[in-house]
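Enquirer: Let chain U serve as the given structure and place chain L on it in line with the hints.
One-letter residues, chain by chain:
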Amino acid sequence: MNPAFSQIPQNIVEQAIAWHLQINTAEVKASERVAFEAWLNQDALHQNAYQRVESMFEPFEYVDAKAAKRSIDVVLKAERKLNTRKNLSGIALGLTLLVAVSVAFQMPMTNVMLADNKTAVGEIKTIDLPDNSRIVMNTNTAFDVAFDGKQRLIKLYKGEVFVEVSKDANRPFLVETKHGDARALGTQFVVNVESETTAVGVVESKVEACNAPSYLQLETLSGAQRACITLHPNQRVKISNQSLSSVQSVDASAMTGWLSGTAIYDNQPLPVVLADLQRYSKNQLVFSSAALQHINVSGVLSINDIPHAISILGDQFNLQVEAVNDNEIKINPQN
Amino acid sequence: MQQTPSLHQRLASDFYQAHHAWLNGWLRKKLSCVFDASDVAQDAMIKVIYHQDIATIQEPRAYLTTTATRLIIDLVRKRNLEAAYVDALRYQQEALAASPDHIREAVETLNQIVKMLEGLPEKVYRAFLMNKLEGLAYIEIAEQLGVSSSMIKQYIARAMLHCYQVVYADDVESSKISR
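If you're matching them up, the sequences are chains U and L in order.
Heads up, the first sequence is in this note's numbering, so the first residue is 1 and it goes up one at a time.
Heads up, the second sequence is in this note's numbering, so the first residue is 1001 and it goes up one at a time.
For reference, chain U alone in the conformation it holds in the complex:
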C-alpha cells in the first residue's frame, strides 16, 4: 500500500464523510453536485479519501441487511453488557468470562432478549395460543411462537414449558430448542432446556424427540447425527447436539410438580436437587457437589420460597446453611 495513501489528514477524511452523507440523500441539488465535483477535483487526497469512505461499505452488500443488523445488534449488545467498563478492548476480557458467555449465549441469548414470551426467575405464567393450545412457562423461560400453514412451531430459547396441544391433524406441533425438537403426536408434554441438553418428558399420549446436530459446532467437532425416538407417558429423554440419552422412566407428576408450585424428587442426589432449585431462586446457591454428592433426596419442596426449601433440606440432612452477602446461600455438610 502506498504510504502517502494511508496518511490522509483527519480533516480531509471528515470532509469526505460529510460529502458522502450529503450526496447520498434522497434529494441532491444540482448545485451541490457541482460543489462536490469541485471538491473532488481539488486534490488527489480528496479523491483518495472519498474512495476509501465509499469502499468501507462494500462488504455490506453481501449480507442480508435485516438479518445482519439484527445479529450485529445482538452481539454488540451482549458484549456491551459484559463489559460495563468503557472502551474495554477485546484483550482485556478475561477468559473465564468469555467461556461463560459462549455457553450462556449460543442460540438462546440472541433471542432471549427479543422473545415475545418471557418469565422472570421464580415466575410461572400461562400463555394461550391462537390454536387453543396452552403453554405454561416455568421460571426464567423465553420462547417465540412461529405458526404457519404447515406447522405450529414454538422456539424455546431457555427455561421450561409444559405444553397442552390442541388437535390439528394438518399442522404438527413442534417445540424446538438449540439441542433438538419435540414433535407432539398427542397432547401433553414438558420441555426443559438446560445448558448442555434439553429434557423432553411426556405426560399424556406420544411425543417424538429428535436431536439437532448443531450448525454452530466448529468443524472439528462435527460428525454428530440426527436421531429420533418416540416417547410414551412417564418417559423422559435428554437430547444434546451430539446424541439422545437412553429413555428414563419418570413419573409424570414429578415432571409437572412445578405447575402447582412444587418440586418433586425421587431419590435424587442433593447437588442435582440444588441445581434444580437454583432455577427458581434469586439467591445464588453456593455448594460443593463433591461434598454433598452422597446425600439422596426424596420428597416434595415448595418452589415459591427457596430459602425456606433450603432450610428444610438443611434440617433434614443436618447441613450447615448460611446466608451471605444478601444474595448468596452457602450449603455445606455439618462439621
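Among the hints, a few may not be true.
Here are the simulated distance ranges between beta carbons [unchecked claim]: (1) L:Gln1009 / U:Gln47: 38 to 48 Å; (2) L:Tyr1063 / U:Glu61: 36 to 46 Å; (3) L:Asp1014 / U:Gln248: 24 to 34 Å; (4) U:Glu61 / L:Pro1100: 17 to 27 Å; (5) L:Glu1105 / U:Val28: 29 to 39 Å.
Short derived list, chain U residues pointing at chain L, Cβ under 8 Å [as the list claims (entries may be wrong)]: (6) Pro9; (7) Val13; (8) Trp19; (9) Leu21; (10) Ile23; (11) Val53; (12) Pro59; (13) Val63; (14) Ser71.
In case anyone wonders, no lab produced these hints; they're calculated from the structure.
We treat Cβ as the ideally placed atom computed from N, Cα and C, and that holds for glycine.
Expert: Frame of chain U; chain L shown alone:
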C-alpha cells in the same frame, strides 16, 4: 532487520518446541470443552511465528496467551454472529436459500462490521446500521431512537469516522508487518 531464512527457521522451531505444549496445556485448562484447544494453540503459534520477530519477544508466554485470547474472542464472536445471523434468516424463512458458503462469508463480513463499530455508543452505532444496512432515512431513524434527525446525521458521521479509523489503521499495521 531481515533475518536469513535459516536463522528464522531455527528460531521458529526452537520457539515452537519451547512453548507449544505449554500453550496447549494452558488452553486446555481455560477452555474445557468449548473449543478445541489444540486448534487455537496451533493458530496462535503460527500467528506469532509468522508475524513477529521472535528474537525480540520479551515474554513469549504472555505474548502467546494474549494472542490466543484474541483468537478465542474472535471465534466466540464469530460463533455468536453465526448463530444470530442464521437464526434471523430462519426467522425470515430464508434459511433454505442461505448456503453454508453464504453463511461463512456473511459471518466474516459481520465480524468486520462489529470490529468497526466496537466502542461506539449504542445510539451511534444503531443509527449507523439503520442507515447503512437497512437504508432508513434520518427522519425514520430519528423517530425510532427518539432524537432529532440532525442529531442522527451527526451520529452517522461520527460512526463513519470511527469506522474509517478502524479499517485504515489495520491497513497501515498489516502493511508494516508484511513489509
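Enquirer: Does Pro59 (chain U) meet its interface restraint, that is, does its C-beta lie within less than 8 Å of any C-beta in chain L?
Expert: holds (4 Å)
Enquirer: Given a hinted range of 24 to 34 Å, is it respected by the beta-carbon distance of Asp1014 (chain L) and Gln248 (chain U)?
Expert: violated (54 Å)
Enquirer: Hey, does the Val63 (chain U) contact hint survive, CB to chain L under 8 Å?
Expert: holds (5 Å)
Enquirer: Honestly, do Gln1009 (chain L) and Gln47 (chain U) meet the 38 to 48 Å range at C-beta?
Expert: holds (44 Å)
Enquirer: Does the Cβ-Cβ separation between Glu1105 (chain L) and Val28 (chain U) fall within 29 to 39 Å?
Expert: holds (32 Å)
Enquirer: For the hint on Leu21 (chain U), just tell me whether its beta-carbon gets within less than 8 Å of chain L.
Expert: holds (6 Å)
Enquirer: Under 8 Å is the threshold here; is the Cβ of Trp19 (chain U) close enough to any Cβ of chain L for the hint to stand?
Expert: violated (11 Å)
Enquirer: Hint validation: Ile23 (chain U) versus chain L, beta carbon distance must be below 8 Å. Holds or violated?
Expert: Hint violated; Ile23 (chain U) Cβ to chain L Cβ min 13 Å, cut 8 Å.
Enquirer: Is 36 to 46 Å respected by the C-beta to C-beta distance linking Tyr1063 (chain L) and Glu61 (chain U)?
Expert: Taking Cβ atoms as reference, Tyr1063 (chain L) and Glu61 (chain U) lie about 38 Å apart, which means the hint holds.
Enquirer: Checking hints one by one. Is Ser71 (chain U) an interface residue toward chain L, by the C-beta closer than 8 Å rule?
Expert: holds (3 Å)
Enquirer: Given the hint of 17 to 27 Å, check if Glu61 (chain U) and Pro1100 (chain L) actually sit that far apart at their C-beta atoms.
Expert: For Pro1100 (chain L) against Glu61 (chain U), whose Cβ atoms are near 20 Å apart, the range 17 to 27 Å holds.
Enquirer: Restraint: Val53 (chain U) near chain L, CB-CB cut 8 Å. Satisfied or not?
Expert: With a minimum Cβ separation of about 6 Å from chain L (threshold 8 Å), the hint on Val53 (chain U) holds.
Against the hints set out earlier in the document, violations occur for numbers 3, 6, 8, 10.
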